[in-house]
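Colleague: One-letter residues, chain by chain:
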Amino acid sequence: MTDTTSRAAASTSRAPAPKPVRGPWLTNRRRRLLTGLALVTPALAVVTVFFIVPLIMTFWMSLHDWPLLGEHRFIGLDNYRRAFKDSEWLHAIRFTLEYTLIITPVLLIVALALAFLVHRGGRAARVFQSVFFLPVVIGFAAAAYLWLYLAQPGLGPLSDLAAKLGIAGRDTNWFATATSGLLLVCLMVVWKVAGMQMVLLLSGLQSIPVEVNEAALIDGAGPWKTFRYVTVPLLRPTLALVLVFSVAGSLLAFDQFYIMTSGGPSNGTITAVYQIYRTSFINFELGYGAALSAMLMVVLAAVSALQMLLLRKTDN
Amino acid sequence: MDTLTDVRRSLPRAAWWAACLCVSVLVLYPLYVMLSQSLKSGAEAAENPPTMYPHQLSVDNYKALQDTGQYGIWQHVGNSLAVAGGATLLTVALATLAGYGFAKLRFRGSGVLFFIILATFMIPFQAIITPLFSILHGLGLSNTLLGLTLVYTTFQLPFGIFLMRNSFASLPAGIEEAAFIDGCGFFGAMTRVLLPVAVPGLISTALFTFFTCWNEFFAALILITDESKFTLPVTLTVLASNQLGTLNWGIMQAGVAVTAIPCIVLYLLLQRYYVAGLVAGSVK
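Protein chains in written order, with my numbering: chain A, 1 to 316; chain B, 1 to 284.
The shape of chain A in the complex, shown without the other chains:
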């Protein structure tokens, strides 16, 4: 304690009254600090006003009854107590987790297959890689409206195809049940996101030296064994990274459900972010919406912490 204070005192007393040490080194260092701060300040100001302040405010608001208009009132942890008994919120959480559990492995398998397909294939493979990536650059809203049309009963080509293949009648409404609605959303998301994961996985595959795989093959391991015992372990950091991205993205799903299913039928496809949206901006219960956000944030922070941990392992 005394040690640190005396050291702090020493450093502060040295700065304003430099006696013999006043050399170019010290002024350089100070100039470096000032220039550095000047360069960083604009970005920092924006991040403070639009990120750090709202972040702290989320927790502050969550302790209040905070309507859009009128007085807000401190109510302690009541919003959190309410959330744990709120069947709509609990259903939204459960649905979000279900969606995450379904979409994550499907996406990963499709993306891995695509990555293997175009890995080290020469010029043609690079062209195919660009094609597979194309849906990634289209926004979620545009993609969702495109697929909404594709699956329209009677009118949409997908319904037409399903009828021709004898899977379902031409006029089947795919959005009539939560399960088939979810299935369609998943199809759309795989179409739109698989290319992105493919590119990340390719960067991982390219970091595995060719010799390693060749050595395994020469040693008599078949293609499957080479994949299982050589490729997968070496690809693990990339796989972990892709998984964490995928999980975090799915936990935040909103656009595709808002547009394609409108959360229906009978609120069956409301996600966590969708419920926060409804609470804060349809019902205008900003305090309760903030409490739900804080709960979601805890889950996301846990996922991010996991990401950090995995990344650190990658560095070693």
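In case anyone wonders, no lab produced these hints; they're calculated from the structure. All clues given are correct.
Computed footprint of chain B on chain A; a stretch qualifies when at least three of its residues, placed anywhere within it, have a C-beta under 8 Å from a C-beta of chain B:
hint : region
1    : 45-54
2    : 105-118
3    : 130-139
4    : 199-207
5    : 244-255
6    : 271-283
7    : 298-305
Think of the CB as a built atom: it goes at the ideal place given N, C-alpha and C, for glycine as much as any other residue.
Following the hints, put chain B in place on chain A, whose structure we already have.
Modeller: Frame of chain A, contents of chain B only:
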């Protein structure tokens, strides 16, 4: 023996082409439907079952976009361009300055500040949208394109700063010292020596910010309530809700095409930078 290996070599090759072509068809088919539906006449677009291709090519749906909703499509294109363009310029400018500061001037406390900025990575704006709405209201920026631009800039900055810091950090320290000795001031060194080398990082940052902001839906839906200020993704909800019941899917898909095609074109032109930035940003 030779022919046997030849067959073994050529057979998977054919299968590979077949697989790649099949996947390409699956990937491209929805995009084909988007274009084909948007180029049908009004009557044909509503046909049940749908026609496979436009039997009569027409740009009526694109013309009709101008009359659907209270404001024409061009106003919304302009809004999107203003927000995405503004956020891109701001992000690139702030990220370049801060990236240089963090990479080359390791001043006291820079590590902590860098960490604070990177923390924005961990918490997405969906989680803090409620107070963000209140803060914009308090600043008089609610329901303005400027407010939306600033919010977008905030959430693109960490990625931009990260990318730019790496670009600058990969330069040898001698370069800017040499520039200083040659009589360049700080801005001279920045514009003549450092920026040219950092151009790939700069393009990646700009491309990413533009794509994300052009396509962003959630914040635009909440923070902008005035239809005259809607960006393109939110405008699609207007196209979808306007004539509910007798929804015109031709006009709808024309709107989707107007939103999606700029991104596709930009990607095809600059994909080298896009993919490089994606990989660099995710592997950190």
